[in-house]
Structure formats: structure tokens, C-alpha cells
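Number of protein chains: 2
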Amino acid sequence: MKLIVLGSGAGLPSKDRNTQSIILDCVDEYNEYILFDVGEATQHRILNTHIKPSKIKNIFITHLHGDHIFGLPGFLSSRAFQGGQNIPLTIYGPKGIEEWLESTFSVSKSTLNYDLNIVEVEADMKIALNNFDVSVHELEHGIESFVYILKEKDKIGELNSAALKDLGIPPGPIYSDIKRGESFEFEGQIYESKDFIGDKIKGRKIAIHGDTRVVSRQAYLDDLKGADLIVHEATFFQDESQKAHDYFHSEINHVLDNFKDLSYKILVFVHISNRYDDADIDLVKTNLKDNVFIAHDYFELPIPRNVQ
Amino acid sequence: MKLIVLGSGAGLPSKDRNTQSIILDCVDEYNEYILFDVGEATQHRILNTHIKPSKIKNIFITHLHGDHIFGLPGFLSSRAFQGGQNIPLTIYGPKGIEEWLESTFSVSKSTLNYDLNIVEVEADMKIALNNFDVSVHELEHGIESFVYILKEKDKIGELNSAALKDLGIPPGPIYSDIKRGESFEFEGQIYESKDFIGDKIKGRKIAIHGDTRVVSRQAYLDDLKGADLIVHEATFFQDESQKAHDYFHSEINHVLDNFKDLSYKILVFVHISNRYDDADIDLVKTNLKDNVFIAHDYFELPIPRNVQ
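If you read the protein sequences in the order shown, they are chains D and E. Once you know that position 200 of the first sequence is 200 in UniProt numbering, the rest is easy, because the numbers rise by one and skip nothing. Once you know that position 220 of the second sequence is 220 in UniProt numbering, the rest is easy, because the numbers rise by one and skip nothing.
Take these hints with a grain of salt, some might be off.
Below are the DSBU-like pairs computed for lysine-lysine, each with C-alpha atoms no more than 35 angstroms apart in a straight line [said to hold, decoys possible]: (1) E:243 to D:57; (2) E:200 to E:265; (3) E:55 to D:15; (4) E:15 to D:285; (5) E:200 to D:15; (6) D:52 to E:265; (7) E:55 to D:109; (8) E:109 to D:126; (9) D:57 to E:95; (10) E:52 to D:243; (11) D:151 to E:126; (12) D:109 to E:2; (13) E:126 to D:95; (14) E:109 to D:57; (15) D:243 to E:55; (16) E:2 to D:52; (17) E:109 to D:55; (18) D:243 to E:57; (19) D:285 to E:2; (20) E:109 to D:285; (21) D:15 to E:285; (22) E:15 to D:55; (23) D:2 to E:109; (24) E:15 to D:2; (25) E:57 to D:109; (26) D:109 to E:15; (27) E:52 to D:109; (28) D:109 to E:200; (29) E:243 to D:55; (30) D:95 to E:265; (31) D:109 to E:126; (32) D:109 to E:225; (33) E:109 to D:15.
Simulated from the structure, these hints should not be mistaken for lab results. Here the structure is a predicted model, which means the values were calculated and not measured.
All chains should be built: construct the whole structure from the sequences, respecting the hints.
What follows is the structure, given as C-alpha cells:
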């Protein structure tokens with residue numbers, strides 16, 4: 001699993017940073033990409049990657065500001081001609097997204113050749129994706145804005161086929177039976193399956209935030225605890241916490257302080273304002289720990305599995 | 001005056017060609033750019049040019065298909081932060097554009113810091129811009145699609161200041177009086193103004209088409225006659241006229257044939273399908289006259305004045 005930041009900028013695009021779009025690449029595990037927010041020209045960014053639009057089957061919209069949604073109609077329309085025919089797609093987003101897409105497709109006389117399912121999200125909703133349970137918390141951004149916390153389901157451990165072969169049990173359908181059952185019989189002997197199965201592979205926890213002030217609500221922070229990856233905005237640097245608060249955004253050090261007891265593994269900052277140049281960002285980076293990143297466009301980071 | 005093609009592609013963007021947007025650069029003459037159609041990522045294309053969004057004061061939308069309008073909300077929103085504050089902008093486009101923009105700005109909670117004036121256009125309408133008279137003809141594209149024909153107003157000729165100086169008339173307010181009046185007096189002598197003013201500078205005629213089949217209606221063709229510049233789509237090459245007709249598009253040779261008696265000066269083809277590669281296009285180009293062009297993105301061409 002891998003994070004790919006397609007757009008790391010805030011508000012309006014610059015030559016370097018596009019407005020927000022973030023990919024969770026689950027192709028190796030689940031043969032799909034999950035897209036979070038679709039700033040204008042997200043489809044153009046995708047053209048510069050190996051991402052197949054047809055493999056984007058779920059889109060989460062954190063909030064309805066233009067820099068997070070204006071690329072959605074174009075992406076959806078083009079996907080129909082990029083191998084997406086008959087491959088359904090679901091959009092999760094705040095109330096209003098469905099009516100706007102209807103209005104947009106109606107005025108532009110667009111028709112899609114795949115099923116589009118739109119789920120309007122509310123705070124504290126639970127969403128069941130195939131391989132993830134998703135929780136939703138409301139943030140503080142003046143308009144409804146959400147963090148989506150994806151919890152990958154745990155997987156049973158690897159089968160110790162070397163040990164089975166030592167007992168003379170050859171590979172075959174019995175290996176699947178061993179993984180499924182509590183015990184199994186071979187040549188009159190009863191064995192415990194757990195003795196041949198490795199440690200459970202714990203699912204990953206990934207949190208992608210919409211724009212927001214720093215939120216200190218306990219239920220939200222509890223749900224973030226131990227996250228493998230948190231993606232959060234940092235529209236302001238340089239200790240401009242008051243300004244960030246006034247504009248319903250976050251200042252980077254304030255976020256770090258808010259998350260200091262969460263035992264997260266990786267933290268990635270996005271939604272970087274065009275006011276800051278490379279020198280500003282490099283300066284901020286010197287004070288960050290190794291597991292904290294400021295993303296640029298096309299930033300990629302593997303999200304390792306935890307074996308427990 | 002100059003044509004700048006920001007997006008020369010059809011339907012969906014490729015790495016080489018963006019969806020449609022065309023600039024008429026009138027900065028030298030009238031201190032403004034006029035924008036025709038706003039495909040997604042037009043604002044991104046503009047970032048790679050010297051065009052100031054604040055100097056785009058009029059936008060013409062030829063029709064409401066997504067590849068011609070999905071960049072409009074983002075362009076309008078960003079212009080507010082790119083020097084556009086308090087500089088009004090007018091959009092001319094088919095019925096439906098206003099309701100869609102209202103829906104889009106309402107869902108995204110966008111507010112502009114400049115006046116936005118929307119004029120919904122109908123066939124055969126006449127539009128008076130400051131320096132142009134614009135006529136509108138309906139095309140044939142399945143949905144309402146227009147060609148906008150801009151007719152620049154004629155200008156009075158240049159003052160022959162050398163001849164005036166020979167008479168001992170020094171530069172000053174009298175030079176303006178000479179240009180405005182029919183005759184003037186200097187040191188008791190009456191002169192005819194026309195003897196000191198060069199030939200009238202004829203305004204240019206520029207026609208920018210929306211997507212369309214080849215249209216043979218006489219009133220439309222008559223209005224195109226003698227155009228300094230015609231921009232027309234060529235979604236199909238290779239004599240696929242029947243296919244072009246079926247999809248409400250045009251085949252390039254069919255267009256050339258339709259325009260053969262128009263005495264136009266320059267013809268530029270846009271809306272080039274991604275099906276065609278550089279080799280296909282080079283092959284077509286070998287058969288084109290010197291005044292006929294197939295545009296690429298960032299294609300620029302001066303539109304010379306005619307002195308009569």
C-alpha cells in the first residue's frame with residue numbers, strides 16, 4: 001500500500017503545486033486506488049502517473065470547497081473513455097455533492113457508461129468498504145469538513161508451508177482447509193491449525209483530513225491513535241497559529257503538538273500555501289522528525305504492514 | 001492582436017493537448033484578453049504564459065459540453081486572488097450557464113471579489129463589446145453551439161505629422177482637433193483634415209467556432225466572408241466526413257471545401273482528437289495552404305491589421 005499525493009497545494013494552483021488530490025494505492029492488495037479529493041486538473045496529474053482511472057472505484061471528498069472538487073466532473077467524464085466502462089464507482093462526500101454533480105452533468109449533457117453511486121456523508125458515520133472500515137469525524141473549517149479514517153481489516157497470518165512439508169503434507173487444497181479450520185487431520189493424526197499459521201497481519205489505519213483548524217476533541221484523537229499514516233493540512237507555518245485559526249486552517253507546529261501522544265507511525269502534511277517557497281519549506285523540514293513529511297506533488301510513500 | 005490556443009484537444013485531455021480554450025490577445029490595442037471556452041485546467045495553462053487573469057474581462061462560451069466549461073469555476077475563483085479584485089468580468093454563453101455557475105458557487109461556498117455579469121446568448125444575437133461588434137450564429141452540434149464573429153470597429157487613419165510640421169504646425173492639441181474635424185484653420189488658412197489623415201484602418205473580423213458539423217447556411221457563410229481569422233474544429237481527418245457528421249463534428253477537408261469561396265486570410269483548426277499522432281497531423285499539414293494551420297497547445301499567431 002502506498003500514498004501518492006497528486007496535489008499538495010492550497011486554494012489555487014501554482015506551477016509547482018496543484019490543488020488537493022491524494023491517492024491511496026491499494027493495487028497490490030486489493031486491485032484498486034482510492035482517491036481523496038479531486039482538485040481541478042487531477043485527471044491531468046493522473047496522466048503523468050501509472051494510475052489507471054478505471055481502478056479508482058471509490059472517491060472520498062473531504063469538503064466541498066472548489067480546490068477539492070472542481071476536478072471531479074472532468075475526472076468522472078474522462079474515466080468513461082479510459083477503460084472505466086461498466087466499472088462502478090462510489091463517491092462519499094458531504095451533503096450537496098449529489099445535487100451539484102446532477103446539475104453539472106445536466107448542463108453539460110454528460111452521460112457515464114458506468115454506475116455512479118453517491119453516498120452523502122454525515123459526522124460519526126461508519127462506512128463499510130470491502131477491505132476497510134471507515135470512520136468519519138467532523139472537523140472545524142467553517143463549512144462541513146471531514147477526516148476519513150480507514151481501518152484495514154486484519155488478515156490471517158502466513159501458512160508455514162515448510163513445517164507442513166516436513167510432516168509430509170504436500171501443497172494442495174488441504175492448505176486452504178488448514179487456514180480456515182481450527183484443527184485438521186492428516187494420516188490419522190490431529191493437528192492444531194494455529195501451530196502452522198504465522199502471526200496475524202494487522203490491518204493498517206490511515207487517516208486523510210479535510211481542511212481544518214487543529215481539533216482537540218477526544219473521540220477524534222482516540223480514533224487516530226496508533227495510525228500508520230495521518231495526512232493533515234498545514235496551510236500555515238512559522239507559528240502563525242492565530243491566523244490559521246482565524247481562517248479555519250492549521251499551523252504545522254500546532255498540529256504536531258496536538259498529535260504528540262498519538263503514537264502514529266507516519267505524518268504527512270499537505271495543503272501547503274503558495275506563499276511559502278522551497279527555502280521556507282526546507283527550513284521547516286529541518287525541525288521535523290524522520291517520520292514527518294511535507295508533501296510535494298507526486299510525493300510517494302510506502303505504508304508498510306505491521307506484523308504483530 | 002494575437003491568437004493564443006491554450007487547449008487544442010477534443011473531448012478529454014492528453015499529455016500534449018488540453019481541452020479547449022482560446023485566447024484573443026488584444027492587450028496592445030485594448031488592454032484585454034478575450035477568452036473563448038474554458039476547458040478544465042485552463043488556469044493551469046495560463047500559469048505557463050504571460051497572460052494576466054485580471055486582464056481577461058470577457059469570456060465567450062461556445063457550448064456547454066464539459067471539455068469547454070469544466071475549467072470555468074476554477075478560473076473564476078482563482079482570478080479573485082490573481083489581481084482580479086474589483087475588475088468586472090462578463091461571460092457570454094448558452095442558456096444554462098448561469099444556473100450551473102450559481103449551483104457551483106453555492107455548493108463550494110465561493111464568493112468573488114469582482115462583479116460577474118452573465119449574458120445568456122441566443123442565435124442571431126448581436127453583442128456590443130467596447131471595441132467589437134459580435135454576431136452569433138447557431139451551429140449544428142446536437143446541443144446548442146455557437147460561432148462568435150467579432151468585428152473590430154474601424155479606426156481613423158494615422159495623422160501625417162510630417163506634412164503638418166512642413167506647414168509649420170507644431171504638435172499640440174490642434175493635432176487632435178485635426179483628427180476630429182473636417183477642416184481646420186491655421187494662421188488664417190483653411191485646410192481639409194482628410195489631406196493630413198492616412199487611410200482608414202479597417203477593423204479585423206475574427207470568428208471562433210464551437211464544436212459543429214460543417215454548416216452550409218448562407219447567412220452564416222456570408223457573415224464569415226473576408227474574415228481575417230477563422231478558428232474551426234477538425235475532430236476528424238482522413239476524409240471521415242460521414243463519421244464526423246454522425247457525431248456532430250467536422251472533417252478537415254469538408255471544412256476547407258465549405259469555406260473555399262470566403263476569401264478568409266487565416267484559418268486555424270483546433271479540437272484535434274487524441275486518436276491522431278504527430279505523424280498523422282504532419283501528413284495532413286503537407287496538403288494545407290500556407291494560411292491554414294493545425295494548432296497545438298500554446299500555438300500563437302499574430303492577426304495583422306488591414307490598411308485600406
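Here is how each hint holds up against the structure:
{"no.": "1", "hint": "E:243 to D:57", "result": "holds (33 angstroms)"}
{"no.": "2", "hint": "E:200 to E:265", "result": "holds (19 angstroms)"}
{"no.": "3", "hint": "E:55 to D:15", "result": "holds (20 angstroms)"}
{"no.": "4", "hint": "E:15 to D:285", "result": "holds (32 angstroms)"}
{"no.": "5", "hint": "E:200 to D:15", "result": "violated (44 angstroms)"}
{"no.": "6", "hint": "D:52 to E:265", "result": "violated (44 angstroms)"}
{"no.": "7", "hint": "E:55 to D:109", "result": "holds (31 angstroms)"}
{"no.": "8", "hint": "E:109 to D:126", "result": "holds (26 angstroms)"}
{"no.": "9", "hint": "D:57 to E:95", "result": "holds (34 angstroms)"}
{"no.": "10", "hint": "E:52 to D:243", "result": "holds (29 angstroms)"}
{"no.": "11", "hint": "D:151 to E:126", "result": "violated (60 angstroms)"}
{"no.": "12", "hint": "D:109 to E:2", "result": "holds (32 angstroms)"}
{"no.": "13", "hint": "E:126 to D:95", "result": "violated (41 angstroms)"}
{"no.": "14", "hint": "E:109 to D:57", "result": "holds (27 angstroms)"}
{"no.": "15", "hint": "D:243 to E:55", "result": "holds (31 angstroms)"}
{"no.": "16", "hint": "E:2 to D:52", "result": "violated (38 angstroms)"}
{"no.": "17", "hint": "E:109 to D:55", "result": "holds (31 angstroms)"}
{"no.": "18", "hint": "D:243 to E:57", "result": "holds (33 angstroms)"}
{"no.": "19", "hint": "D:285 to E:2", "result": "violated (45 angstroms)"}
{"no.": "20", "hint": "E:109 to D:285", "result": "holds (33 angstroms)"}
{"no.": "21", "hint": "D:15 to E:285", "result": "holds (32 angstroms)"}
{"no.": "22", "hint": "E:15 to D:55", "result": "holds (20 angstroms)"}
{"no.": "23", "hint": "D:2 to E:109", "result": "holds (32 angstroms)"}
{"no.": "24", "hint": "E:15 to D:2", "result": "holds (24 angstroms)"}
{"no.": "25", "hint": "E:57 to D:109", "result": "holds (27 angstroms)"}
{"no.": "26", "hint": "D:109 to E:15", "result": "holds (25 angstroms)"}
{"no.": "27", "hint": "E:52 to D:109", "result": "holds (31 angstroms)"}
{"no.": "28", "hint": "D:109 to E:200", "result": "violated (46 angstroms)"}
{"no.": "29", "hint": "E:243 to D:55", "result": "holds (31 angstroms)"}
{"no.": "30", "hint": "D:95 to E:265", "result": "violated (53 angstroms)"}
{"no.": "31", "hint": "D:109 to E:126", "result": "holds (26 angstroms)"}
{"no.": "32", "hint": "D:109 to E:225", "result": "holds (33 angstroms)"}
{"no.": "33", "hint": "E:109 to D:15", "result": "holds (25 angstroms)"}
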